[in-house]
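In the order they appear, the protein sequences are chains A and B. Just so you know, the first sequence maps onto residues 65 to 318 in the numbering used here. Just so you know, the second sequence maps onto residues 577 to 890 in the numbering used here.
Where hints are given, some of them may not hold.
Said to hold, decoys possible - Cross-link-like lysine-lysine pairs, in silico, PhoX-like; alpha carbons within 20 Å at most:
#1 A/K111 x A/K276
#2 B/K800 x A/K315
#3 B/K794 x B/K745
#4 B/K644 x B/K602
#5 B/K833 x B/K794
#6 A/K314 x B/K833
#7 A/K257 x B/K833
#8 A/K152 x A/K258
#9 B/K672 x B/K644
#10 A/K152 x A/K257
#11 B/K800 x B/K822
#12 B/K800 x A/K258
As the list claims (entries may be wrong) - What follows is a list of derived Cβ distance ranges for each label pair:
#13 B/N624 x A/I311: 49 to 59 Å
#14 B/G607 x A/L298: 40 to 50 Å
#15 A/E284 x B/K838: 50 to 60 Å
If you're looking for bench data, these hints aren't it; they were derived computationally from the structure. Bear in mind that the values here come from a model prediction, so they are computed numbers and not experimental data. Glycine included, each C-beta is placed from N, C-alpha and C at the ideal position.
What follows is each chain in one-letter form.
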Amino acid sequence: MKWPAIASLTYKETIRNRILINILLFAVALIALSLIIGDWSLGEQAKVIKDFGLSAMSLFGLLIALFIGIRLMVQELEQRTIYLVASKPVRRWEILFGKFAGLSLTLLLNVILMLLALWAVDWIIEKRIDFELAAAVVLIYVEILLIVAFALFFSSLMSPTLAAVATLAVFIAGHLSPILRDYVQLHPGSGLKKLYLAIYYIIPNLENLNLKMAVVEHLERPPHAVGMGILYGLLYLSFVLTATCMIFEKKDLK
Amino acid sequence: MAGLLRKSCGAALLAALALSIHISQKNLDSGRRIEFINRSAVFLPRGNVLRALSMGYRGIVADWLWIKSVLYFGRRVMDADNPYYLYALYEGDQEKIQAAREHHEASHKHGQAHSAGPHGHVHDHEHIEREKAYLSSLKRPEMDRTVPVPPDSVFLLDENLKHSLFRFKNRGLIDGVYPLLDRVTTVDPHFVHPYIFGGVYAMFETGRLQESLDLLEKGRRHNKDRWEFPFYLGWLYWMYKGEMQKTHEYLVEAVQKRDCPKYVMALMAGLTRNMRQSDFTRLYLEGLLESTSDPHVIESLQGALEQLRAMDSR
Numbered sequence: 065m066k067w068p069a070i071a072s073l074t075y076k077e078t079i080r081n082r083i084l085i086n087i088l089l090f091a092v093a094l095i096a097l098s099l100i101i102g103d104w105s106l107g108e109q110a111k112v113i114k115d116f117g118l119s120a121m122s123l124f125g126l127l128i129a130l131f132i133g134i135r136l137m138v139q140e141l142e143q144r145t146i147y148l149v150a151s152k153p154v155r156r157w158e159i160l161f162g163k164f165a166g167l168s169l170t171l172l173l174n175v176i177l178m179l180l181a182l183w184a185v186d187w188i189i190e191k192r193i194d195f196e197l198a199a200a201v202v203l204i205y206v207e208i209l210l211i212v213a214f215a216l217f218f219s220s221l222m223s224p225t226l227a228a229v230a231t232l233a234v235f236i237a238g239h240l241s242p243i244l245r246d247y248v249q250l251h252p253g254s255g256l257k258k259l260y261l262a263i264y265y266i267i268p269n270l271e272n273l274n275l276k277m278a279v280v281e282h283l284e285r286p287p288h289a290v291g292m293g294i295l296y297g298l299l300y301l302s303f304v305l306t307a308t309c310m311i312f313e314k315k316d317l318k
Numbered sequence: 577m578a579g580l581l582r583k584s585c586g587a588a589l590l591a592a593l594a595l596s597i598h599i600s601q602k603n604l605d606s607g608r609r610i611e612f613i614n615r616s617a618v619f620l621p622r623g624n625v626l627r628a629l630s631m632g633y634r635g636i637v638a639d640w641l642w643i644k645s646v647l648y649f650g651r652r653v654m655d656a657d658n659p660y661y662l663y664a665l666y667e668g669d670q671e672k673i674q675a676a677r678e679h680h681e682a683s684h685k686h687g688q689a690h691s692a693g694p695h696g697h698v699h700d701h702e703h704i705e706r707e708k709a710y711l712s713s714l715k716r717p718e719m720d721r722t723v724p725v726p727p728d729s730v731f732l733l734d735e736n737l738k739h740s741l742f743r744f745k746n747r748g749l750i751d752g753v754y755p756l757l758d759r760v761t762t763v764d765p766h767f768v769h770p771y772i773f774g775g776v777y778a779m780f781e782t783g784r785l786q787e788s789l790d791l792l793e794k795g796r797r798h799n800k801d802r803w804e805f806p807f808y809l810g811w812l813y814w815m816y817k818g819e820m821q822k823t824h825e826y827l828v829e830a831v832q833k834r835d836c837p838k839y840v841m842a843l844m845a846g847l848t849r850n851m852r853q854s855d856f857t858r859l860y861l862e863g864l865l866e867s868t869s870d871p872h873v874i875e876s877l878q879g880a881l882e883q884l885r886a887m888d889s890r
């Protein structure tokens with residue numbers, strides 16, 4: 065098993081990445097700025113701060129996935145450093161999985177830092193810590209990992225720019241896909257029902273990983289929403305990573 | 577051979593994962609229901625904040641807010657055209673939903689909308705019973721007492737007519753539309769339709785007189801050359817406050833504006849020569865009818881006009 069060593073190296077490499085540090089600082093600053101924006105919101109300051117903080121985590125996670133996730137393998141191939149690793153007795157899937165695990169660790173640290181910043185700001189306003197936010201943050205983290213997996217998948221198939229566009233498209237489509245299901249339920253006579261349902265089940269339903277509003281507004285959640293959401297996210301993640309490994313195994317590295 | 581085995585294993589793993597994803601999605605969906613009333617709060621920063629944040633894009637922000645208002649209204653209003661409402665009413669039973677839709681369409685096609693009921697909805701017995709049960713389950717607030725029926729009003733004479741214009745079927749269900757419209761009109765004070773939508777059409781459904789008056793007054797302040805604002809304000813003061821003097825003042829103001837239609841002049845003349853209450857109301861309703869293209873408002877106004885004619889012929 066060589067992937068833990070690759071993961072450790074990737075973690076050390078990505079944690080020093082200037083883009084990552086900039087994004088993280090910007091996200092934390094934005095969460096702090098929500099103090100001011102929340103002040104304009106007619107007595108709903110705590111809600112605005114939480115909305116702002118959770119949205120910032122999700123959006124900046126997406127940016128990190130796009131900027132770093134796509135470069136993760138492409139950079140190795142462009143700088144030809146991949147040959148150093150590939151010449152060792154390491155399987156290709158281990159290289160890919162190690163890279164993914166390393167970045168996941170960096171992202172985990174980021175998400176924890178952002179959550180701490182959000183809790184600190186929330187404490188200033190509410191004089192208490194809303195631990196329920198953690199449920200939404202866990203799902204945001206799974207969503208970011210899924211987006212990183214897609215970034216790796218697309219970057220193994222196409223140019224970095226196209227891969228970024230495709231990953232962004234998955235993010236947008238993933239958040240809009242429940243509309244298809246609702247449409248079919250409300251209009252069961254629709255001729256394209258089967259096509260809509262097929263698209264719905266193929267596209268990752270990222271709304272399964274979105275508890276931001278439910279947590280902030282303390283809305284009733286479906287039972288096991290967090291557990292099932294995590295399971296769904298991890299299964300999809302495994303699917304995309306397995307497919308990426310299979311493509312990477314076949315890829316001509318010359 | 578080893579390569580083939582590895583490929584098969586990979587394909588089997590992918591298939592197993594795809595199946596697991598499908599099963600977990602189905603499981604997640606089973607806990608999810610389409611709700612007619614989305615109980616989450618309508619939340620947005622104040623209009624002034626949005627106006628400042630929209631910078632050079634005030635028009636598009638106002639448009640976005642307006643669309644949000646319309647969607648909010650359309651999503652929550654009790655209406656046979658609202659698939660969410662029918663879905664909730666018949667608890668997802670597609671056969672019954674389809675039957676209700678067909679009934680509604682048939683009554684429209686054969687012009688039975690008004691004889692069936694004041695709003696032309698599906699009014700078979702089961703539908704009415706379901707609506708009653710559903711409404712009581714929603715725990716709506718009591719009727720807004722700021723909408724008194726004027727004691728000498730013509731509407732007290734006829735229960736059906738009173739029902740047409742004081743029904744407020746969506747009372748307590750779509751009140752959040754007013755804060756939304758206030759934001760739209762703060763970001764873009766010259767966006768005329770949202771004022772009229774909130775001031776007149778939403779009022780037919782919600783009965784929120786004060787909010788409607790405030791919105792129209794705001795529109796009047798920002799759009800001094802438009803005849804619509806005093807015209808609609810006159811309607812609210814006549815119909816829901818019974819203040820004839822105030823209505824007269826607004827009509828005098830309306831006729832002085834550019835492009836004011838002739839029926840407003842006829843209304844003012846009728847008021848000046850002490851026209852009968854029912855005739856004046858008919859004229860006003862006809863004027864409102866001419867100024868809208870919304871099928872539901874038209875239906876509602878035509879229902880009221882029909883009741884008025886029936887009352888006169890008695």
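Do the hints match the structure? See the list:
| no. | hint | verdict |
| --- | --- | --- |
| 1 | A/K111 x A/K276 | holds, 11 Å |
| 2 | B/K800 x A/K315 | violated, 70 Å |
| 3 | B/K794 x B/K745 | violated, 26 Å |
| 4 | B/K644 x B/K602 | violated, 30 Å |
| 5 | B/K833 x B/K794 | holds, 17 Å |
| 6 | A/K314 x B/K833 | violated, 76 Å |
| 7 | A/K257 x B/K833 | violated, 52 Å |
| 8 | A/K152 x A/K258 | violated, 48 Å |
| 9 | B/K672 x B/K644 | violated, 30 Å |
| 10 | A/K152 x A/K257 | violated, 51 Å |
| 11 | B/K800 x B/K822 | holds, 18 Å |
| 12 | B/K800 x A/K258 | violated, 54 Å |
| 13 | B/N624 x A/I311: 49 to 59 Å | holds, 53 Å |
| 14 | B/G607 x A/L298: 40 to 50 Å | violated, 18 Å |
| 15 | A/E284 x B/K838: 50 to 60 Å | holds, 55 Å |
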